[in-house]
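Peer 1: Each chain, written out:
Number of protein chains: 2
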Amino acid sequence: MKVIVLRLSHRIERDKRLTTHVALASRALGADGIIISGERDEGVLKSITDVSKRWGGDFKVEYRKEWKTVLREYKKKGFELIHLTMYGLPYQDKISKIRKSKKNKLVIVGSEKVNPEVYHSADYNLSVTQQPHSEVAALALFLHDFFKGKELNKKFNKPKIKVIPQAIGKKTIKSD
Amino acid sequence: MKVIVLRLSHRIERDKRLTTHVALASRALGADGIIISGERDEGVLKSITDVSKRWGGDFKVEYRKEWKTVLREYKKKGFELIHLTMYGLPYQDKISKIRKSKKNKLVIVGSEKVNPEVYHSADYNLSVTQQPHSEVAALALFLHDFFKGKELNKKFNKPKIKVIPQAIGKKTIKSD
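Taken in sequence, the protein lines are chains A and B.
Everything in the first sequence is counted per the numbering used here, starting at 713 for the first residue and increasing by one.
Everything in the second sequence is counted per the numbering used here, starting at 713 for the first residue and increasing by one.
Note that these hints are calculated values from the structure, not bench results.
There is no bait here: all hints are sound.
No copy labels: a pair is met if it fits in one copy or bridges any two.
The list that follows gives simulated cross-link-like pairs (lysine to aspartate or glutamate, EDC-like), each with its CA atoms no further than 20 Å apart:
1. Lys728 <-> Glu824
2. Lys860 <-> Asp805
3. Lys714 <-> Asp835
4. Lys806 <-> Asp857
5. Lys758 <-> Glu824
Take these sequences, add in the hints, and give me the full structure.
Peer 2: Structure (structure tokens):
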């Protein structure tokens, strides 16, 4: 099963670092790729691609100006569209149903104002708490519970750099 | 038991939005407060305080220029110091031990370069995956697993605004 994240309406100036965090968290927590919509941001695209090259794995990054066409296309492809929003139904009540369905998933995370069409296109509008906080945190909890924590042990193939966990300090292995 | 988050070395220009996300995720996911060290950023402090006033609860925000004195002070007060870093030991191996200890917790999240003193002062240096991603995501997973998901049902007292979860669209109740 594929899990792709869609980042809505990126704005270079404002969202640069947050979109990078959304993408890197997606990668680290087991998603297969991210589609970034909105403004084209070479810096963000490059930094995610660079991380993937150095740290391994097959994470895909794609830029698509219009989120609307992404939603329609992925719906047609049979993906389940899951929109994370503080206004939706508690995700913990739906996650096991979503996990059981064999459909690929498109997990949608917003920026500031989300167009009503997103709510209407989504198969699920789900909240991670009903409090204002962070799309990075919401996405992280969703992926973690979706994958039941198994994503924490994900192996990334062909890394050039790898962390060796330490009680104190930093240890990495590098190879070329 | 108290859980306080310490954000290291905030820089106004670069970290404005990420520190806000760290703070709001801390609040939404059950922490009692946050201490922000580094540059004093009135905008960030105000936006977190404003969210707490509108959305309820007793989340405390504090600014402290020097993280070093915070570490020493909280250690003296008997808090357990838990530093989240991609170089640490897998958090999932330590979380039940940490949960069982009755000590208050100071959960430390970094910005770019973390001083070695933090690693040496911490009772635990813990990684949330050994991949580069996001302090917001790492903190979210740590808190979620620490609280065993019970934080998702946390009630925030005296809210002026509250979300009523919906399958589609947005519904809030406001009061003054």
